[in-house]
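Put the two chains together into one complex; each comes in its own frame, and the hints tell you how they fit.
Protein sequences, first through last, are from chains A and B. Heads up: the first sequence runs through residues 1 to 384, numbered per the working numbering. Heads up: the second sequence runs through residues 1001 to 1127, numbered per the working numbering.
Any given hint might turn out to be false.
Said to hold, decoys possible - A partial selection of chain A residues facing chain B, derived with a Cβ cut-off under 8 Å:
(1) Arg-24
(2) Glu-31
(3) Ile-54
(4) Glu-60
(5) Phe-158
Since the hints were made in silico from the structure, they are not lab data. Small disclaimer: the values here were computed from a predicted structure and weren't measured. Don't be surprised by glycine CBs; every beta carbon is placed ideally from N, CA and C.
This is what each chain is made of:
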Amino acid sequence: MNLTKEEEEALDGKQGETLALAYRVLLAIGEATDADKLIPIEWAHLSGVNYNTIGDAGEEFLSHLSKDATFKVRTTVNPMGFDFDTVSKYSVDDEFIKKQESIKQSYEKMGAVPSFSCIPYEILELPKKNTHVSFAESNAAIYANSISGLKTNKEGAFSALASALTGKSPYSDLREDDNRLPNLTIRMKVEHRDELTYGLLGYFAGKVAGNSVSISGTRELDKRSCKSLCAGMGTSGRCGMFTIGESEGEKIDFDEKEMQKVQDELNTSESGDLITLGSPQLGLDEISDLSSMLKGKSFRKRCMIFCPRAIQGQVKKMGYDNEIRRAGGEILYDCCICLTPLVNKKDVDAVTTNSVKGAYYLKTSNEVDVNLKNLKQIIQEETK
Amino acid sequence: MTVKVIVRGKAKGTILVSKTPINFLGGIDKKTGKVRDKKHDLFGKILANKILVFPYGIGSSVGAYTIYSLKYNKCSPVAMICLKSDLTTASGCAISNIPLLVVGKNEYESLKDDQKVLVDAMEGKIL
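Bound conformation, chain B alone (with noise of 0.2 Å):
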């Protein structure tokens, strides 16, 4: 199983998967934490206590101050797994205390919508 732990921690709740990469910054309402791009394959899905899978984040650096504007608004996903690393969602992770794990391709088309798991980003696994 190819796993990296970008941020560290525990966290168990049920995956939503985002087909597109996700620009946080203009693309989530950090109040709500719900989709607000219109043309995001998520529009109108509420990320919060969500395990977020999702390939990559794109735009703006500051999109990682969205993400702690969420977990402060206490409507952040509780983890998040991704395919590629970026910058602006390890941040923004990192800021706000939220695992992080970028995965191969196999373990990563292997989440599904609605699946309930435990991520362990401490031993690098998702159970």
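Bound conformation, chain A alone (with noise of 0.2 Å):
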């Protein structure tokens, strides 16, 4: 990979080590990955907040970096484990609380924005199309180039960390245009359609494709279904961008029997003691759509709703959190389903979810039995 003269002496520690430590990931990520140089990016968006994914020495690395550490560029960063206005009311540790702030503090110092949420697309002001940034996020970066007109690779803890430090980051992958024409078609084939399905469809898709993939047969995908979409393919494979339509090369069909392999693979229970809404988080006008679901009703057992805080003023100010709170639901900003340390196999057996994201890592991480359902199933079999 070529380097300017600047990257070179950045990288040789004349400006530092921070910035010597950053360019070291970007040169050791851009020779892995083949780039040719570096570019600049407007916006890093990280993954590594929640302690439950970066443990001890993500928590002791981050404490050290962030005693001179300051981003270049605008950052912002995924959900932590737990909301600090409610964690009493759950059983977490005072260890892991004490990690959390750790982390949470190292990010703050070093300038990240408090997002603590994986739907940086949703809560944000965007960039002009066609502006490259590093999501390490995987719905967001597949939401980033898909919907958003955006350009990332699916950027991992460190490159999004190294680009946030440098603003810059490898040209290569998806940063390439030739590299963004998808060569597999998926056809969906599937009739009824929900967030569910396009998760499910999402799973399928990861597994299958390459760095860039078709999807066909379906039209406008509202915001529930793409996010669920995003989210599914972010999950099982390295897919980053997907594009509605049918692409040259080969094309493969995702009908009832292959969506029935997905379900079947994470659906592991027959009905859940909890029920989790929202990986990826839900944003305002999924909110404001469940309060009105919610109306009349009041869930027969726990239901947990993950947020970012951006919304937490409108949920309020619009009475949408009265309404859920009325309904028996509990509203938690900063954090998501996501290896969550709020459910716990001690507690619960099984948990209900419309999440495909969230079902995965509830069985791997939390290892708890996932029942899947649609959020129009779930008010209509869950409350009463």
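Right under this line is the structure:
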């Protein structure tokens, strides 16, 4: 990979150890992915925020790094493990809380926007089309490439962090226009469509597709289905982008049979003793919908609803908070279903959710069983 | 000689060869640098100050932080040489400033336990 004179100097430590570290990461990842240069990016979104995902070693690293590092471009961060406002109501051990606090402080000290959200594309103003960004959260990377008109690879925690510190990223894979062209089309053949169907389609697509895929047999997707598709796709493979329509190359069908296979892999229970909504976190539109759907109803069991802090003011002002709480829902900010210590197998055997991504992590990390249902079904069957 | 520099630097040391891939997260004790995965061929060995030669890294990308902890706790290898590049080892060596080379099959197979070598990950040479 070719570096400019300035980049070489930074790599040599002439601008301090933090930048040397960041350029070492960019060079290492650039060499490993056959990039030939670095290009500027305008926005980094970081993963590796939840203590459950980075552990003690990650917490220590960020604590050391934040002593003199500052982010160079707008930098947003993924959800944490829990909501500090309500954590005392749950059984989270003190050590976890202490470590999470340290991680939060490290990111904030380096200048991160305290978004603690996996849907940065929904809560922040977007740069103009074709702008390069560096998103480590997989659903956000796919959404940015496919819907927001931005360009990013499906970054890892370190490449996005190095991008935040330098404002640069290796020019490779989905940053190059030729690589954005899909060479596989998945034909959507399932008749009944809702956000769960699209989540399952995404999970299937992630497994079979390369960097980019076409999806045909479907028109405009509503936001809930679209987010679900992105999240499912990001969970199961390396695919970082989809386009609607048919492309040249191989074509395969996603039919009832294929869908059943994915469903059988993720759905391990007939029912759940807890409901979780929000992986990806619910935005204001979805909270507004949910609040309407819950009019005159109340949940038969606990229901945890995960949102970004950015919408909290509106959620309260519009009365959604009251309505959802009246129906027995618990709204949590700054966290999401994935790897939260708020759901653990000591207290629950199985969780009902409409999130395919949530299902995957609940099963593999929280080690609980999962009952997959679409939102409409959840409201019909789990409220009175 | 097919040598690719992933993380630059120079280091002298004694080679420790691992026949199987390494999962840094969980497989290595980050306080001592001791291999604690009982099923691993290096079980019980200490990575500190060695030139670690292994096929490639496996497991969670969080393993990169384990490499950083090894360095921070002064028990990391002084350089690593792999057969294939993987993002966990690449990121881990980059944040920890540990020289890392990826070499071709012939070079890889010529590296033996207890050889004393100089890894020149500036020029891309093993001397």
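These are the hints, each one checked on the structure:
1. Arg-24: Check passed: Cβ of Arg-24 (chain A) comes within 4 Å of chain B, closer than 8 Å.
2. Glu-31: holds, 5 Å
3. Ile-54: Interface hint status for Ile-54 (chain A): holds (6 Å vs cutoff 8 Å).
4. Glu-60: Constraint on Glu-60 (chain A) satisfied, holds at 6 Å.
5. Phe-158: holds, 4 Å
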